[in-house]
Structures are given as structure tokens and as C-alpha cells.
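Numbering-wise (this note's numbering), the sequence shown opens with residue 325 and increments by one.
Careful: at least some of the hints might be erroneous.
[What the hints assert, rightly or not] Beta-carbon label-pair distances, calculated as ranges: (1) 415 / 394: 23 to 33 Å; (2) 512 / 471: 58 to 68 Å; (3) 501 / 466: 51 to 61 Å; (4) 466 / 427: 54 to 64 Å; (5) 415 / 395: 22 to 32 Å; (6) 513 / 478: 45 to 55 Å; (7) 515 / 495: 27 to 37 Å; (8) 446 / 413: 42 to 52 Å; (9) 466 / 441: 32 to 42 Å; (10) 462 / 432: 39 to 49 Å; (11) 465 / 441: 32 to 42 Å; (12) 509 / 471: 53 to 63 Å; (13) 492 / 548: 17 to 27 Å.
Since the hints were derived computationally from the structure, they do not count as laboratory data.
Values in this document were obtained by computation on a predicted structure and should not be read as measured data.
For each residue, glycine too, the CB sits at the ideal point set by N, CA and C.
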Amino acid sequence: MAAFSFTKSGDQKVPEREHTVRRASTSSNASPTGNTSLTYATPLTGLIILTTMFASLTCIPYFASRRHLLRLEGTIRELSQTNRLMRRELSLNASRAQSRYDEQFTRLKEEVSQLGKGVVEVRGSLAQDSERLSKFQSALAEFRGEQRDVNSELNSQLLFIKSELTRQEEINANHENHFREIGATLGDIAGFMHEMQIGYGLFPDTTKTQRVESMRQVALRLQSMGEQKDVKETRKEQEQGKEPFETSSGPFD
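Assemble the whole structure, with the sequences as input and the hints as a guide.
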């Protein structure tokens with residue numbers, strides 16, 4: 325930048341370059357004869373020079389700023405174009421996503437409707453099954469009651485039969501004892517008659533001999549009945565504690 329100096333008249337700023345211009349003009353205006361004439365620059369010339377210098381100094385940042393602004397403007401245009409493309413793509417993606425969402429929502433709504441129908445059918449089936457189960461349980465309870473009644477009746481009948489069998493066995497035992505005694509008596513009589521025949525030398529006819537023999541056979545049979553009774557009593561003692569029939573109330577109790 326040019327240095328400034330102040331003059332006495334009006335304190336006007338005059339750049340130092342004026343001295344150079346004055347010296348240059350002085351040297352250019354020198355006559356060949358060696359005579360020199362001093363030519364002073366006017367204030368207008370200095371103003372023009374100063375204005376030119378300020379204009380050059382001002383235009384440099386202006387052009388730099390303008391160039392930078394042009395670059396920014398290009399960047400903004402590119403960003404605007406990119407923004408438009410992105411908005412367009414976003415709009416397309418949004419429309420596609422909306423269509424997919426609508427399809428999925430419709431499909432899901434249909435599936436939910438079908439699921440609701442299935443739930444209603446399952447509830448109806450469960451209600452029917454519950455009703456059937458209730459009927460089955462009531463029928464089973466009734467059957468168990470009938471089974472208990474039948475089992476109690478069978479138990480009472482079995483007890484009655486056992487008591488009758490016991491009483492009949494006692495009667496048979498008494499009869500068998502009587503038969504045994506009768507058999508022993510008949511055997512003694514047959515033996516006595518046989519001894520009498522041999523001892524006294526009596527030889528009756530064949531018919532009487534057969535009668536004595538028959539009496540002896542009858543006596544043996546009556547005595548064998550008593551022996552069979554003893555065998556039965558032994559078996560009964562071995563099987564004591566065993567019931568001929570189960571007296572439980574049944575499998576459904």
C-alpha cells in the first residue's frame with residue numbers, strides 16, 4: 325500500500341507515489357539541453373490513482389467471494405437436485421411400503437377373522453364335550469351306585485349261601501356220624517352172625533350167606549362215608565381263610 329503524507333495547505337493527503345510521478349515527469353520533460361522543468365501532478369490525478377488502487381484492492385476479494393458464491397450456488401443446486409431425487413425415491417418407497425402395509429393388514433385381518441371363527445368353533449366343541457363329559461360322569465356315578473347295590477346284594481347272597489352250606493355241612497356231619505355208628509353196628513352184627521355160623525357149625529343156604537355179606541358191605545360203606553368226611557375236613561382246614569368269591573364292591577368303586 326502507498327504511504328501517505330500531509331501537506332500544509334488544507335491537510336490534504338498526498339501519496340508518496342506522487343513524488344515518484346513528479347520525478348518521473350521531471351526527468352521525461354527534461355530538455356536535451358539539460359534544462360529541467362518541474363511538473364506537479366494535479367489532485368485529480370492522485371484521486372484517480374488512489375481510486376484505481378482501492379478498486380483493485382476491493383475487486384480481488386469481490387471476485388474471490390463471487391467465485392466462492394458460485395461454487396456454493398453449484399453445490400446448492402446439486403443438493404437441491406439430490407434432495408428432489410431423494411424425495412422422489414422416498415415417496416416411491418413410502419407408496420410401496422404403504423401398499424405392502426395395506427396388503428399385510430388386509431391379510432392379517434382375514435387371518436384374525438378366521439382365527440376368531442376357529443375359536444368360536446373350538447368353544448362350541450368344548451361346550452359339547454363338557455356336556456358329554458357331564459353326562460358320562462352322571463352315568464358313571466349311577467352305574468357305580470348300581471354296581472354297589474349289586475355287589476352288596478351278591479355279598480348278602482354269598483353270606484346266606486355260606487351260612488346254608490355251613491348248616492348243611494353240620495347236618496351232613498351229624499348224618500355221617502350216625503352212618504358211621506350204624507355201619508360199625510352193622511359190621512359188628514355181621515361179624516357176630518358169621519362167628520355164630522362158624523362156631524356152631526351152622527351152614528345156612530346161599531341166600532342167607534349173601535345177606536350177611538351184603539350187611540357187611542353196607543357197614544363198610546357207612547364207615548367209608550365217615551372217612552371221606554375226615555378227608556373233606558382236612559382239605560377245608562388247608563383252604564381255611566380262602567373265600568370262594570371276591571366280596572369287594574367292584575372295579576368301579
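Evaluation of the provided hints:
{"no.": "1", "hint": "415 / 394: 23 to 33 Å", "result": "holds, 31 Å"}
{"no.": "2", "hint": "512 / 471: 58 to 68 Å", "result": "holds, 60 Å"}
{"no.": "3", "hint": "501 / 466: 51 to 61 Å", "result": "holds, 52 Å"}
{"no.": "4", "hint": "466 / 427: 54 to 64 Å", "result": "holds, 58 Å"}
{"no.": "5", "hint": "415 / 395: 22 to 32 Å", "result": "holds, 30 Å"}
{"no.": "6", "hint": "513 / 478: 45 to 55 Å", "result": "holds, 50 Å"}
{"no.": "7", "hint": "515 / 495: 27 to 37 Å", "result": "holds, 30 Å"}
{"no.": "8", "hint": "446 / 413: 42 to 52 Å", "result": "holds, 48 Å"}
{"no.": "9", "hint": "466 / 441: 32 to 42 Å", "result": "holds, 38 Å"}
{"no.": "10", "hint": "462 / 432: 39 to 49 Å", "result": "holds, 44 Å"}
{"no.": "11", "hint": "465 / 441: 32 to 42 Å", "result": "holds, 36 Å"}
{"no.": "12", "hint": "509 / 471: 53 to 63 Å", "result": "holds, 55 Å"}
{"no.": "13", "hint": "492 / 548: 17 to 27 Å", "result": "holds, 20 Å"}
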